[in-house]
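Peer 1: Here are the chains, one letter per residue:
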Amino acid sequence: MKLNRRSFIKSAAAGSAIAAAGSIFPGISFANWKEQQDPSGQITWKKAPCRFCGTGCGVLVGVSGDRAVAVKGDPNCSVNKGLCCVKGFHVVQALYGKDRLRTAQVRRGGKMVEVPISEALDIIAAKMKETIKQTGKDSVAMYGSGQWTIPDGYVASKLFKGCIGTNNVEANARLCMASAVTGFMTSFGIDEPMGCYEDIEHADVFVTWGNNMAEMHPVLFSRMLASRKRRKNVQIIDLATRSTRSSQASDRSILFKPNTDLAVANAICYEIIRNDWVDWDFVKKHTTFHKGKTNIGYGTEDHFKFKDAPEDISFEEYKEFLSDYTPEKVEKISGVSALEIKYLASLYGDPSKKCTSFWCMGMNQHVRGTWINNLVYNIHLLTGKISTPGNSPFSLTGQPSACGTVREVGTLTHKLPHGVVMKEEHRKMAAEIWDVPLANIDPKPTYHTVEMFRALDRGDIRFIWIQVTNPMITMPNLNRYRNGALKDDRFIVVSDVYPTPTTDVADVILPAAMWVEQEGMFGNSERRTQHFDRIVPGPGETMSDTWQIIEVARRLGYEKQFPWGEDEYIGKIWEEYRRFHDSPKHNMAPYTVLKKRSGVQWPFVDGKETRWRFNSKYDPACKPGSDFDFYGKKDGKAWIWARPYEPAAESPDEEYDFWLNTGRVIEHWHTGTMTRRVPVLHRAVPESYVEIHPEDAMNLGVTNGEMVKIISRRGEVTMKASINGRGNPPRGMVFVPFFDETYKINEVTLDAFCPISKQPDYKKCAVRLEKA
Amino acid sequence: MPILSYLVLPQDGAMDQLCSDLANMDYCEIIPADNQEVVVLVTDTPDEKVEKTLQETLKNLPSLQSFSMTYGHNAV
Ligand code: SF4
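Top line first, the protein sequences correspond to chains A and B.
Those letters in the first sequence? Residues 1 to 772, per the numbering used here, in order.
Those letters in the second sequence? Residues 1001 to 1076, per the numbering used here, in order.
Because the hints were derived from the structure by calculation, they are not lab data.
If you're wondering where the values come from, they're calculated on a predicted model, not measured in any experiment.
One or more of the hints may lead you astray.
Claimed, not checked - Computed footprint of chain A on chain B, listed as stretches where at least three residues anywhere in the stretch have a Cβ under 8 Å from a Cβ of chain A:
#1 1003 to 1016
#2 1041 to 1049
Said to hold, decoys possible - Straight-line alpha carbon distances no greater than 30 Å define the calculated BS3-like cross-link-like pairs of lysine-lysine that follow:
#3 B:1049 - A:129
#4 B:1052 - A:293
#5 A:596 - A:46
#6 A:354 - A:129
#7 A:720 - B:1052
#8 A:98 - B:1049
#9 A:10 - B:1049
#10 A:46 - B:1052
#11 A:596 - A:428
#12 A:257 - A:305
Even glycine gets a Cβ: it sits at the ideal position worked out from N, Cα and C.
Starting from the given sequences, assemble the full structure and let the hints guide the process.
Peer 2: Dropping the structure here:
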């Protein structure tokens, strides 16, 4: 019997791979394979998006009894066509760590004690009322996540912005994609990518800008490799500040000095114009030229304010601006040879090649994140390589619902589900749909994430509710913000699935349902909304984050705005939320459609998904008779920006002579709360380390595995050296993955941010090294 | 007792070598495509430690260009 079951599982495993191969390599045949039929019917399969990254792979979760036991890639999901990466495959094990939070806890006499969840919810509501009464509505805050489900974020926004009347709603996606949003808004007037993952099968050239896709978006990287294998003429160019697995698999790896991607992008545009590779028809019809303020600062001081002042310029003025960025000049700034810059320009400039640029944290976690987003769009706009299959400037997201929950629902201080709090028509729409008085919605944004934690430290915020995120690991310049959270008259509520350094500072901990223990939706990088059912029960008193918020809202007296029953609330919330996007530019699929399919892309118009936006062949929102229509801007034209190179907030000097760069590894998701509890992932990379160039290690007298102290002006961490490991930084740079809470590398990083997006730069600060 | 499946792509021109390398490895069963250079690999290992060692061996196989998972089951 056991043997039968095992051979059936093996047959199912082979079947999954064959189904995946069928979608990736059309016409492929495996004549020798014979499928075995399930002898027992023991495992049932249900669809869900993967819990982890913004790729948004569809998975099928195998359930036996009330336990999830297996995962296979969903061949019906066009994102991954049956593939999964190592995290996706192990995702169900993340549900079953021994120390899952099962009961609520409250701090009494300095100790956390278990209480029934209803009591904890009473305490939260009472504390919110008391804080609002004593220090005002803007002293209570919600800090959520790009891993919130869409309903989680929606009810948070409705409660805080609509009912309580404070714009103190932020989410950790501020730390991962705010620059992508401001990049889209400033270049196109509307958020989120114009293309879709199908671009991968059409493009001839891929340029990855500071984006280690082999580890961060591995399934998309596999699709790129498969496309290269199938079509032979495909090239992958990795443009980065350190060598990674992506560099190794690419056709060419080009390294630039930190922050100088700005100069490189401008030099590419310079070359495109100098060689007359400009698509003039496109540029004349569909673009305008602009410049903004320069020397815009870094936001390291409290209450930092910045407002850009865009000005129109002519093409000639833009060309003149670019004269500072000849390949030869930029070689000196960036370390990229003039020849390599010309080569990159020739790829983008060749009208016979379809070009896709991918980026993620390298460009977004950048003190000029908005600018570098603008500059890569410039390249695609000058060459007209945009909004057509294979021609795509593609900003990837890190988290599974940074797009769905944060960008689309608008869980940022200035945003509403449609539009921004500053605009009366948008507030009116929200007030009507939310059934709250218009005066409730404050027209003034309050704090972006870094400033929100500064306000907590200063005491301007006294109560904060943190859901599905771990800021006591992820905030840059962490010491300040942890000390702030620990101050006596601060009240911290944390909803999570496992204990973390953030639950350590909590006054109340709520045990949250995780992933498929609740119904919900995510929205991935390519405008795809992905619904999942409650597939297995959560342990103990766990409750979905959405329902936690609803319970508190009712205790605060907002029953009218949160009237739904527990068996129907997700569907009802979705249909209410959908009203905000009721136009051909953003229409979302109905609940019934989402439930059936492995993800649906918006705009969803007349029953059809939109693959490429702004192109009238594919996008029904375009003006009739137009070819391209960048309808986010009033005149339908995209903006080409003159944005200069400016250096990082902190660069190596005599005292602190190394760059510190931080990031992730494929095995671990963010701060490791879930993946470090999956034995096989934990064993694969059990602890963090510092990657260091062999010659720098030699000068320091450190060999592989020996301890190195990394010291900045803000803090220090001591950890093992990794020399010639999976990633190799150039001389003068070290790289540290941030997944391991034992080594809080963000005590070392700097809380400088892009003044436009307010997204911090985790990739650049100055440190010195000592042998420990 | 993990069972996993992968889609495996060979280096250019190394399909036969890849099939022979994989077929000779413990815990591995392969189903090569008949008309394209793609191999389905099913691994059935006694425990996660062996699984991890096997994955490391796969990563270092000269005939292999890339491999992507499609299925995972961990018998409990
Ligand atoms: S690539 Fe991302 S979404 Fe896909 S399986 Fe891996 S972690 Fe999950």
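Peer 1: Confirm or reject each hint.
Peer 2: Do the hints match the structure? See the list:
Restraint check on the stretch 1003 to 1016 of chain B versus chain A: 6 residues with Cβ-Cβ distances below 8 Å, three needed, restraint holds. Check result for the stretch 1041 to 1049 of chain B against chain A: holds, 5 residues qualifying (beta carbon to beta carbon below 8 Å, three or more required). Restraint check for residue 1049 of chain B and residue 129 of chain A: the C-alpha separation of about 53 Å exceeds 30 Å, so the hint is violated. With a C-alpha separation of about 52 Å, the suggested pair residue 1052 of chain B and residue 293 of chain A falls outside the 30 Å cut-off, and the hint is violated.
Using a Cα cut-off of 30 Å, the hinted pair residue 596 of chain A and residue 46 of chain A holds, with the two alpha carbons roughly 11 Å apart. A distance of roughly 57 Å separates the Cα atoms of residue 354 of chain A and residue 129 of chain A; the hinted pair therefore is violated under the 30 Å criterion. Proposed proximity of residue 720 of chain A and residue 1052 of chain B is supported: the alpha carbons are some 22 Å apart, at most 30 Å. A C-alpha spacing of about 20 Å is found between residue 98 of chain A and residue 1049 of chain B, which places the hinted pair at or below 30 Å, so the restraint holds.
Between the alpha carbons of residue 10 of chain A and residue 1049 of chain B the distance comes to roughly 19 Å, so the proposed pair stays at or under 30 Å and holds. A distance of roughly 27 Å separates the Cα atoms of residue 46 of chain A and residue 1052 of chain B; the hinted pair therefore holds under the 30 Å criterion. Among the hinted pairs, residue 596 of chain A with residue 428 of chain A is inconsistent with the structure: their alpha-carbon atoms are about 33 Å apart, more than 30 Å. Between residue 257 of chain A and residue 305 of chain A the alpha-carbon distance is near 28 Å, which keeps this suggested pair within the 30 Å criterion.
The structure shown violates the earlier hints numbered 3, 4, 6 and 11.
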